[in-house]
Structure formats: structure tokens, C-alpha cells
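Build the full structure now, drawing on both the sequences and the hints.
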Amino acid sequence: MANPKDNLEKGFLEFVYDFYSSMKSHEISLVYEGKVTHQITKAFIALAEAQMEENEEASKVQRTVFHVMVECLQNISRHADEYESGKAIYSGKGIFIVSNTDKAWCITTGNAIVNDKIPGLKAILEQVNALNNKDLKDLYMNQMREGRLTNRGGAGLGFIDIRRKTGEKLDYHFLPITDKVSFFLLTTLIPRT
Amino acid sequence: MEALRIDGTEDSPQVILDLEANIMELSGRSLPEDVNTFYEPVLSWIEEYFKNPHDNTVFNFKLTYFNTASSKVILDILTQFEEMIEDGQHVLVRWHFPDDDEDMQEAGEEYADMVDVPFEMVSYS
Numbered sequence: 001m002a003n004p005k006d007n008l009e010k011g012f013l014e015f016v017y018d019f020y021s022s023m024k025s026h027e028i029s030l031v032y033e034g035k036v037t038h039q040i041t042k043a044f045i046a047l048a049e050a051q052m053e054e055n056e057e058a059s060k061v062q063r064t065v066f067h068v069m070v071e072c073l074q075n076i077s078r079h080a081d082e083y084e085s086g087k088a089i090y091s092g093k094g095i096f097i098v099s100n101t102d103k104a105w106c107i108t109t110g111n112a113i114v115n116d117k118i119p120g121l122k123a124i125l126e127q128v129n130a131l132n133n134k135d136l137k138d139l140y141m142n143q144m145r146e147g148r149l150t151n152r153g154g155a156g157l158g159f160i161d162i163r164r165k166t167g168e169k170l171d172y173h174f175l176p177i178t179d180k181v182s183f184f185l186l187t188t189l190i191p192r193t
Numbered sequence: 001m002e003a004l005r006i007d008g009t010e011d012s013p014q015v016i017l018d019l020e021a022n023i024m025e026l027s028g029r030s031l032p033e034d035v036n037t038f039y040e041p042v043l044s045w046i047e048e049y050f051k052n053p054h055d056n057t058v059f060n061f062k063l064t065y066f067n068t069a070s071s072k073v074i075l076d077i078l079t080q081f082e083e084m085i086e087d088g089q090h091v092l093v094r095w096h097f098p099d100d101d102e103d104m105q106e107a108g109e110e111y112a113d114m115v116d117v118p119f120e121m122v123s124y125s
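Chains as they are written, first to last, in this note's numbering: chain A, 1 to 193; chain B, 1 to 125.
Please keep in mind that the hints were generated in silico from the structure rather than gathered at the bench.
A few chain A residues that face chain B, going by a derived Cβ cut-off under 8 angstroms, partial list only:
id, residue
1, Lys42
2, Arg63
3, Lys137
4, Met141
5, Met144
6, Leu157
7, Gly158
8, Asp161
The C-beta atom is built at its ideal place from N, Cα and C for all residues, glycine as well.
So, in C-alpha cells, the structure goes:
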């Protein structure tokens, strides 16, 4: 007679293998879920730097990946909202995924956000995506002059900087978690050529 | 005036504000956990220096990376120099950048556009 515990473990091991295969097929080199602290941020950028150094990545690409990773991780640690799931309350948590293909690096973050903040965030993202280089530069300079550092240390400059450094539009989605909170996904491409 | 020296780390720049050695410099990386806390002593030191400055002030930025939160503080430092100049002082900013780093060069040129402070762009390899 089969032991139910064996089945459970077999199921889990299969899941791990599927997960691994799925990571490989999507060329994902790093997945993290949890609290994003400053220590975590430093660890991930050190890891990416070592990896890029080993792959002899062009120095411009290295610098852009570094920029985008720092801004994305600091966005989660500063802006991820609290949400409850079951008995747990999550705060400052999110997912962070790095993948790299022959053509580009792809950095994706996801974190909870209170629904009230979505219209404002959408407006900024739409504006940043619509502007050309010159207008992005003006917006950045203006934001630096006018914008005050918030108590969380953000200056509202991150999205503009990512868009300017990569030259790519920001890809984002909001998926409902509860009636009050959504999951905010942001993907940035860094072309390797 | 007492010198302010802070060793650089993997996430914060080296700070040398030393009048005896005649060095005023920020170098390395700037992405500290809390930008305000890190730069508070730097801004205070410059504010104090402003009260009794040397005839010629040369300030060196030799950063290899700074995050967007730091970019705002850099503008705050430059704004202090702008005030010194309005007050009749001589200030020169030397903006050092790696010769293959267009973004860092452009960042310096943008700051030079934003404030009325003389900039000297210095590339290094």
C-alpha cells in the first residue's frame, strides 16, 4: 500500500523539477520572493555584477543592469504596501525575477499596492512611456528641482531614470489581490546590443 | 575647520572634506539605505564652510554610480555652491567620469545646465 507521505513528497519533487525546467525554458537566472531589505538589494546587485563580469558583458550593459536593479529593488523596499493573506500580513515584500537571453536582460518586480494609489502610478508610467528623450530629460531635471525626498527616501525619479537608461518602454500590469489591494508587476528590458 | 572623512563602502561614497589637505571630494558609489542620514553631515559641513570659505573652492565629484535618491542630494550640494557664488565666492566643480561612461558624463553636463556653477569635465580611464 502506498504511503500518502511518499506521494506528497514525490509530488513536491516533481514540482521542484517542473519549476526548475520552467526557469530554464524562460532563461531565468534569479527568482526571489520575500522581504526586500537593503542587505538583499546589495546581495543581488553583487551577484549580478559577478555574473556579468564572468560573461564579459559590455560595460554599458553592466551599468544599465546595475541601475535598473537598484531602482527596482528600492521601489519594492520603499513602496510595497501591506496586505493580508490568511493570518499573515505582508509588508515591504515582493518578487524579483532576472532573466537573460542573447538579446536582452529582463528585470521584473512585483509587489502589493493599495488600489487608491493605482491611478496616480498609472498616470506617471503612461507619461514616462509617452515622452521622448528630450522631454524625459526635462522631466527628470524638473523633478529633481521640485521634488522633495519623501520620508521613505524616494524622489519620484526611478521610473524616469529606468526609461532613460534603457531607452525601452516600461511594461506594467495591475492584478487584483483583494478588493483593496492589487499586485503591481513591472518589467524592464535592457537590450544587449 | 575640522575635516570630515568617511570611508567608502560598497553602497556609500568616500567623503573627504579636508581643508588642511586641500581636498574636497566625493568618490565611489552612492546608493545608501537612507540618503538623508548619510548626506546630512556632508551638507552641514558645506554649510559651515560657507561661513568662512577659502578664496578658491574646488569640489571634486568622482562618482562611479549614484542612484536617483542620491541625484537629488547632489543637486542640493550644487545649490549650496550656487549660493556661495551669488555671495561673491569662487567655486569650481570638477566632474570626473570614466572615459567610456557616457551616462556619467551626461549627468555632469545636466547638472552644469541646472546650476550657475562653473564645471570642469574630467575624463579618466
